Amino acid sequence: MRLFSHFSHSSFSNTYLLAHEEGGEALLIDPGKITLELIDRIEKHHFQLKSVLLTHRHDLHSLGVKTLLKIYKPQVYVGAAAMYDFATIELGKEESQKLGSFDVKIILIPGHSLDSLLFKIDNLLFSGDVLLAGKIGSTNSELEKALLIEGIKRKIFPLPDDLIILPGHGPLTTLKIEKIFNRDLYEIER
Amino acid sequence: MFKGDTCHYGDCQRTTLGEGDFCYYHSANRSEKLRGLFENRAERQVVFADLIFDSYDFSATKFINSLFSRSVFRNVNFKGSKLWGAMFDFCLFVGCTFEESEIRHSLFGGAKLMNCSFKNSLAIYSNFVGIDARHCDFSSSDLYYSSFAGSHLVETQFIDCNLKEATFTASTRLNVSFRASNYEEAHF
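Chains as they are written, first to last, in the numbering used here: chain A, 164 to 353; chain B, 37 to 224.
Do not take every clue at face value.
Unchecked claim - Examples of chain A residues toward chain B, derived with CB under 8 Å:
1) HIS169
2) PHE265
3) GLY333
4) ILE340
5) PHE344
6) ASN345
In case anyone wonders, no lab produced these hints; they're calculated from the structure.
All values derive from a computational prediction rather than experimental measurement.
All C-beta atoms, glycine included, are put in the ideal place defined by N, C-alpha and C.
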């Protein structure tokens, strides 16, 4: 499996392209902005873009989908279909699903937004704005913050320590680093 | 700079070092670029976890998506190296230099660094979360979008750095200088 990371200088957000092999099936996570570099990457490797996964409905993570749909015909998977004005497939349940040829474990952790999803594929966790390097996603209230922290501890902490976390913004991290050094996660306990 | 070409000597297929056309074995000066087990292996996607590196010279060497987790580096020279997607989580670095190196999307989280220099380096989009850095120097470096959240920084210099979108939240800082850096664009 091959992973490519794209950074948008206009939205400061990450888009991830995951593919099996040269010319194989690919999926895209959080296309906030479609750049020529990203299209070149798909075309150069002859990837078949079959799926787009959106971690949540914020423009920085989903604005590029409409552009993408003019070029490719992927299925777009989201947490809450009603929030989008293009055709999507709702992933309402927490379970492992086969999206195209990828085995994806879907994790729902509200707090940053009500529809926040995380996608675990092999030892990679695409965490959107739920969990970032050294911090948690922003929230609008203490209640949402508590909900977010509780969800991370209950659903992510039991996963393996060497899990690589690929957030929607900023650098990658690992679960072990976040467990030890992410002080946002322990703020309420203090 | 390392080009990744193969040695021009006969049918030798080893990787060239530095600006030269020949590998370590066939270069004119046969300087100690890489030693022991690691000769000619330090290029792409290596896995060197849980090892001890003492006085190695990895200058101008390119490591892509390489794993060095929990290793110990003492007096190792990474000057001018390219570290793209390299994993140095929970490593110990003593007296190492990363000057003029190009560090992208790399992971130093949980590492301990003592007397290390990152001067004039490009250390962007990298994870320094929870590092314990003492007497280190990041001066004149570009740290765009790198995170030092939860780190413990002592006698460490960030003079004349680009700190745009860099994160220092929940970090403890003792005698740390951000002089001439754009720290107002960072998150503290």
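So which of those numbered hints doesn't the model satisfy?
1 and 2
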